[in-house]
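I would like the entire structure built from these sequences, with the hints used as guidance.
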Amino acid sequence: MLVRETATSVSVSINGRQHDFEVEPHETLAEVLRERLGLTGTKIGCNRGDCGACTVLLDGEAILSCLSLAIQCHGKTVITIEGLENPQTGELDPVQQAFVENFGVQCGYCIPGIVLSARALLDEKAQPTEEEIREGIQGNICRCTGYQQIVESIQAASRQPKSANAGGIADTGGASGQSNTDADNTQSKKGAE
Amino acid sequence: MSGAKCRSAPEQTVTCRLRPFRYFAPTTVEEAVAALEEEEGRAILFAGGTDLVPMMKLGAVTPQTIVSLSAIPGLRYIREESDGAHIGPLTTISELRGSALLRQRWPAFFEAVRHFAASQVRNMATLGGNIGRRSPCANTPPPLIALSAVLTLVGPNGPRAIALEKYFDRPDVAKGEMIIDIAIPHPPARSSSAFLELTRNTGDLAKVNCAVSITVDSGICTDVRIVLGSVANRPVRAFQVEQALIGGPLEDAIVNEAAGRVVHEIAPITDARSRAEYRRQVSPVLVARTVRRAAERISG
Amino acid sequence: MRTIGTSPPILEARDKVTGRAKYVDDMQADLFVKIVGSRHPHAHIRGIDITAAMQMEGVAAILTHENVPQRLINFGTHRPSLAIDRHVRHLGDYVAAIAATSEAVAEEARRAIRVEYDVRPAVFDPEEALQPAAPKLYPEGNNFCAAVDLPPHQSIPESRQEWGDVEEGFRLADVIVEHRLDIGSQAHAAIEPHVCMACWEGDQLIIWSATHTPTELHANAAEYFDLPLKQVVVLSHHVGGGFGGKYTGRYQYLVCLLARQLPGKRVRLTLSREETQCYARRPRAKLYARLGATRCGVITAIHFSGLFDVGAYGTFFSGNNNFHHEGGILTYKTAHARFEAKNVHTNHFRSECMRSVQMPYLAFAVETVVELAAEKLGMDPTEFRLKNMPTTGDMMPPTEYTHNYGDYPQARLDLFPAAHMLEQVKGKIGWAEKWKGLGQPYHSDGPRRRGIGLAYCMGYGGFIAESGTTAAVRINPDGTAIAYSSVQELGQGINTTLCMLVSEALGLPLDKVSIVAGDTRSGQGDPFNARSSHQLAMCGHILLQAVEKARQKLRNWIASSLRVNPREVVIEGDQYWLERDTSQKFPLWEFVGTLKSPVTGRAEGAPLHVHPFVKPGYKAHQPMIMAAEVEVDTETGEVKPMKIVAGMFPGRMINPGVVRGQAIGGATQTLGMALWEHVGFDEDSLTYLNRDFTDYRVPRALDMPAIETVLVEQVDLESLPHEGLPYGGRASGEMSAWGAVAIANAVHNATGVRVSESPLTAEAVLRALNREARRDAGSEADREAVR
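Protein chains in written order, with this note's numbering: chain A, 1 to 193; chain B, 194 to 493; chain C, 494 to 1280.
Just so you know, these hints were derived from the structure itself, not from any lab.
Bear in mind the structure is a predicted one, so any value in this text is a computation, not a measurement.
Each statement offered as a hint is correct.
Selected chain C positions facing chain B (Cβ under 7 Å, derived; list incomplete):
(1) E600
(2) S765
(3) E767
(4) E1128
(5) T1129
(6) L1182
(7) R1190
(8) L1195
(9) D1196
We put the CB at the ideal spot given by N, CA and C, even for glycine.
Rendered as structure tokens:
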């Protein structure tokens, strides 16, 4: 028998806009994004946290939305693939543009997740080595490209000046420590050597 | 809680949707422990969820209540203190990986988290979860045991310290208790550590993993702790190998002979990742290599 | 050339990087489907109780074997079957399908369905399945297609191609070698799971499907539901990868049947990753090859024999064995050859074509015995290959697909730059420095050995059956052109490539050309759709014929406006002129702008039932060569790929960026097939072991060695642009996904040991090294004993 549990109110910033809604504890962030909010850019490839197609940025960090409970995103900031481009001009984020121009895209199912992983990587390190790029996308399976043209796309994006970041959303409330979980004494990985 | 995924589940229970559960987000450790006691085994502690959520979707784990720990402050830290490192259970694998302190002082532990899955999982998974899920192929228990880590648990009767090794004695050790600190003592002088694993391809769970902490003085091994994962239903201390090494030089022939004894101490199975006979054949190889790598790191 | 040979981004790229592209699972749906799969690999359903499930709030309809039509679905390419059969033949075979208001409700209902089975003995091994006493999946036995209603060339339980007399060929040989291999089953593992949505809207059946084969689904669904074609629409705009796994399948019919009970509702099924992994895979195969050669290294005979496990329901792969064999069969010149394949059912889920189909199997077997022969002769294996490789213009032996009725009982090989490709590939792998002889590593470091290996195979050129292939183009007065085709875009860039053909042919900038595809309302069709790497060569060829027809009409309009005979008007690219005065050329598109309405052209393939020639008397095939460097840890058996060089012959790369992507992507799947990918099965627990990406190990970013490509371009100017291959462009989608044997050969050269199974996991390699060590120890003991 299905047991209905109490829904809880959460407030989450998604792509720069505050969203308030009720969720049940067992709803994943991926389900809420795709089904509640119509943000179908985030894909479900495996639903088990193996393929990375569901990757979104949570407070600036790449995470798997199919394994995240929506209820735990209260007060946090989410960026999905829809949030990367400039909402006024439609100009693409340099990572998106680079994927378009460098054949990083074939079937496209891994693309939203892998573009966001690349965005998170470049936000942390503007000029990654090839090894670092591959580590940064290691959690995203691509079955089409063999990764070579994806690596080249990310390398091309890394050569763009940061100010060319059309979206700008990733700069607001993301990595600047807005996490409301206990951050006392936390050794942030961004500050690590 | 997060951890490594070693799973098997009957076909029909596999789902794409989580089944509903009660959700409780305590704000103190005491509340969390009280919730565990109240639910009498039907509640599960939830940190990153990277192991638990897939298990729930597969129907392998069916909790009535999830006790989320993310609202409890003060559980996420890496601190260097006089007795060694203290790590909070909600510290993410990413944070561990980014710690220069851990990398320099406890290389086996750093190596175990370095290639752990991938960045998204590392951003979510926690040390407490990787230990608490009790997966035989988890990466963090072998190096932590080799490094003589000590857990602080809190239960209905209050806090207690327990060697990490003892935590794995039985599945019901720490029933109703929560990990609130993981302490790694400062390594002794003239010692170092190393971690190696065999996987199918990159980013995979280990077929076999091995962690070694070794002390070598004037060419003689004075102490060594060797722990293997994925070769039994819990991390295994290779006591016979240790005994064969302590007190002697680390010449190739001696190391190889000692490492060969590990086959008597492991009980590997055949599963999706590997075969029992393969694990038996490569365990001595891995042990010997890890011992050598750790020893090489000891300078002077 | 203004467009051909440039690398514009694919048309869909922007939509895909922004998340705007809607795949079928992203679309609005009303009801959601879950399938109840059989818990037993072989059983009859004695009874099924759906009462509790039907009473659940939110459950809209349930199908079982009791309420589906007792009519076989005709797939056209593999065994017809009922939508749900009371005889279930593999784990997960369809028992029921539930439509409900949410996936969660459907999953809840699934748990409430009670099934009683009469369990039957099951058979999992193809050799066992051949035995007379084996459990029977079909009344007539386990031979695939033994007694089914398929066209003769598709219903063969075995296929056989031979020429000359192999026994005679072996008698002529100075050396004979043979080998057996056990090839594991790779799965397609596209990131998008299988998905299908259907809605009966008024008198129309609309199907949204992530499929390779919209034309086939369209025709077969119309037939099954007794509808005229105009009342069925198949929409397949965005597909998240296929690689052969998304041909027409029974699950699409379950969705349509459920939707029929719920008119006006969009009913959708998305398979889970576990269901997707256990939907279809490459056949497990047991291969045998034997090769005879003279002491100078000339091949006198090749005998290949393969036993393929096609699973419980069969596959397109085996139904068209001969076609897909063709490449592998013709790889080497030899006067005597026999290639035979037997296809047998087992109680596993379906086998299906996967990228490059038969070629990896044929190459594995033949390229192993080629090296064994070279070893025996003390010859460099590339010299041995060079000696026996065909070249441009060679007469091909008479096989079913090389002859045409009419004037050409046998065909010649069209452009075939094999020797040139071999030289290039050898250069890139570093053959000169790194080749130390067969079974000889070029570098040793403790237990680690490095070696290189190479393999060669013949692939199809893309030119296959054209009857039923249609295309159209519409030239608009606003200076744009629209192509209409039933090519199926899967991410391989075919939509963009076809637009580039039109852009080139009409001298129109690419951004003025668009394409309507992935929608059967375009009125176009193609029986193969996205199969066999034929879309560029065939659909492109037909599309250019359509352009030519439109151009003819334009000539007529121009002639009428100039009051001349149309024969005097020449149109080339974006200009036209009169034949008698080539000094005055006029802009075509200015003229088009004066028209009051569009000009269209439509073309269809000739109604041939065999595969046409690229030009009269010539067949298009292509050499494919792959080289690999590996490092083997001889104490653990681990194989680390260091470098792969993929050699292909795309003829002329319409879009080099796209072709390179196919070459690297295919080589990556080859790597997976060689080292890590296999859907294993545990008979004791009746479990498939690799049902998710945790246990089905596809290559990831950190696994990748350097991959280099050798993409040879050669064009026969006599056959441009509309006769045969469009601008000389040939197949490229599958032409780097065949070469797992190159990696196996590299492992042999690194270690001196042959691993006769795939994938070459560390366990398999260590087993082979152990056997070798025991053999050495054994011979040492023998020598000791003798002393």
